[in-house]
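A.B. asks: Each chain, written out:
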Amino acid sequence: MNRPTGNLVRSFLRRSFCTAENIDTNLHTSKLQIFDRQLKRKQRDRAAWLINRKDSLVNTVADNLLDRLEDVKKTFPSALCLGGSLEAIRRSVRGRGGIEKLIMMDSSYDMVKLCKDAEKDYSSDNIETSFMVGDEEFLPIKESSVDLVISCLGLHWTNDLPGAMIQSRLALKPDGLFLAAIFGGETLKELRIACTIAHMEREGGVSPRISPLAQVRDAGNLLTRAGFTLPGVDVDEYQVRYNSALELIEHLRAMGETNALVNRIKFLKRDTALATAAVYESMFAAEDGTIPATFQVIYMTGWREHESQQKAKRRGSATVSFMDIQKEFGGQTS
Amino acid sequence: MVRGSEMVKISKTLTEILVCPLSKQPLRVCDKSSSLISDAIGVSFPIVDGIPCLVPRDGEIVETEDAPSECKADSFDSKNNHKTT
Chain A
1 MNRPTGNLVR
11 SFLRRSFCTA
21 ENIDTNLHTS
31 KLQIFDRQLK
41 RKQRDRAAWL
51 INRKDSLVNT
61 VADNLLDRLE
71 DVKKTFPSAL
81 CLGGSLEAIR
91 RSVRGRGGIE
101 KLIMMDSSYD
111 MVKLCKDAEK
121 DYSSDNIETS
131 FMVGDEEFLP
141 IKESSVDLVI
151 SCLGLHWTND
161 LPGAMIQSRL
171 ALKPDGLFLA
181 AIFGGETLKE
191 LRIACTIAHM
201 EREGGVSPRI
211 SPLAQVRDAG
221 NLLTRAGFTL
231 PGVDVDEYQV
241 RYNSALELIE
251 HLRAMGETNA
261 LVNRIKFLKR
271 DTALATAAVY
281 ESMFAAEDGT
291 IPATFQVIYM
301 TGWREHESQQ
311 KAKRRGSATV
321 SFMDIQKEFG
331 GQTS
Chain B
1 MVRGSEMVKI
11 SKTLTEILVC
21 PLSKQPLRVC
31 DKSSSLISDA
41 IGVSFPIVDG
51 IPCLVPRDGE
61 IVETEDAPSE
71 CKADSFDSKN
81 NHKTT
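Going down the list, the sequences are from chains A and B. Here my numbering is used: the first residue of the first sequence is 1, the next is one more, and so on. Here my numbering is used: the first residue of the second sequence is 1, the next is one more, and so on.
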């Protein structure tokens with residue numbers, strides 16, 4: 001605001017050549033920027049005020065994710081919870097995984113503050129919580145310092161997903177667990193179709209309205225590329241029914257999941273928006289008039305390497321022939 | 001040295017594990033400006049209401065001349081010793 005005029009003119013000039021005003025000041029200009037992280041922070045600030053604690057989608061995903069902690073015998077005394085459905089995770093922990101210390105991080109200050117203020121409601125479960133504002137792409141955590149990293153519906157907004165996962169792995173102690181849920185490529189497919197049709201019809205072209213999302217087949221590769229051992233991926237699809245397409249948008253807004261693409265067009269014409277809602281309703285509405293929306297959630301688990309973990313033997317190190325195995329057991333199966 | 005509300009209060013858990021998000025080097029607490037300072041890159045990150053804000057964009061470049069005088073070195077290790085003096 002109070003910058004000298006020279007700077008202002010310069011920034012104006014620069015801005016006029018660039019589709020995104022923040023891209024020039026971004027720290028990694030060489031890297032591909034898909035999402036506007038600063039805008040996402042603002043959207044999450046807003047989501048902190050709109051948050052719905054009874055959001056069944058978010059609660060189910062958080063519960064499902066934490067449920068995995070009960071499948072392992074190991075306990076995780078210190079845990080780091082990355083952005084996304086932070087508040088839902090805090091509510092769903094309920095003593096699972098033997099978490100004693102929980103560090104909650106989000107890129108939005110208001111979201112962290114909300115969790116901090118809500119902390120007094122959970123004082124009964126004896127978890128020591130600490131709060132910080134941080135960016136998953138620049139994780140400010142010392143190497144080998146936590147037993148568990150949880151990320152619930154946050155990592156699909158990172159520009160550099162492998163990078164963020166590598167940083168999470170480094171933050172983990174050896175034999176530490178990485179648990180993440182992200183939205184997958186099938187998410188909001190109905191809205192994607194409706195948006196495209198309405199845009200073609202009203203504006204004669206298409207602009208990106210819905211994020212590119214990771215596909216299921218990418219998730220396994222992501223985990224191995226980030227160096228996690230024993231990678232595990234599974235997928236769940238949820239269908240949420242809304243009374244109207246506008247309610248869907250309101251839900252997305254309350255989750256902080258609205259468009260944050262760098263190349264987005266910054267306004268949406270009213271009649272295009274209404275056309276989208278109309279297309280959505282005519283193409284996908286159920287008989288009872290409700291509007292279904294698909295949310296595909298990819299759950300990823302990975303461990304930081306440790307010598308106690310099982311691994312495949314070296315190729316060619318087998319001492320028993322498969323012929324012998326068949327001789328030994330073949331008779332029993334037939 | 002008790003400053004009441006001005007005192008920077010961040011939990012021990014955090015001081016043990018936090019590092020600079022950009023350089024991954026240790027941070028030190030500056031009580032006076034209530035911020036975390038990364039000496040490696042000369043950037044200070046604010047602590048707002050006990051919540052450290054370590055998003056690179058929130059950081060401010062510290063002027064090198066007045067940094068040592070304004071913020072007494074309170075590294076995490078020497079913090080407790082320093083307070084008793």
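Just so you know, not all the hints are guaranteed correct.
[Unchecked claim] Which stretches of chain A does chain B cover? Using the computed rule of at least three CB atoms under 8 Å from a CB of chain B, they are:
{"hint": "1", "region": "125-137"}
{"hint": "2", "region": "140-152"}
{"hint": "3", "region": "274-287"}
[As the list claims (entries may be wrong)] Pairs of lysine to aspartate or glutamate residues, derived as EDC-like cross-links and limited to a Cα-Cα distance of at most 20 Å, are as follows:
{"hint": "4", "chain 1": "B", "residue 1": "12", "chain 2": "A", "residue 2": "67"}
{"hint": "5", "chain 1": "A", "residue 1": "173", "chain 2": "B", "residue 2": "31"}
{"hint": "6", "chain 1": "A", "residue 1": "266", "chain 2": "A", "residue 2": "281"}
{"hint": "7", "chain 1": "A", "residue 1": "142", "chain 2": "B", "residue 2": "16"}
{"hint": "8", "chain 1": "A", "residue 1": "54", "chain 2": "A", "residue 2": "71"}
Hints were generated in silico from the structure; no laboratory data involved. Beta carbons: idealized from backbone N, C-alpha and C, even for Gly.
A.B. asks: Next, verify each hint and record whether it holds.
C.D. replies: Checked hints:
no.: 1; hint: 125-137; verdict: holds (count 7)
no.: 2; hint: 140-152; verdict: holds (count 6)
no.: 3; hint: 274-287; verdict: violated (count 0)
no.: 4; hint: 12(B) - 67(A); verdict: violated (29 Å)
no.: 5; hint: 173(A) - 31(B); verdict: violated (30 Å)
no.: 6; hint: 266(A) - 281(A); verdict: violated (24 Å)
no.: 7; hint: 142(A) - 16(B); verdict: holds (8 Å)
no.: 8; hint: 54(A) - 71(A); verdict: violated (26 Å)
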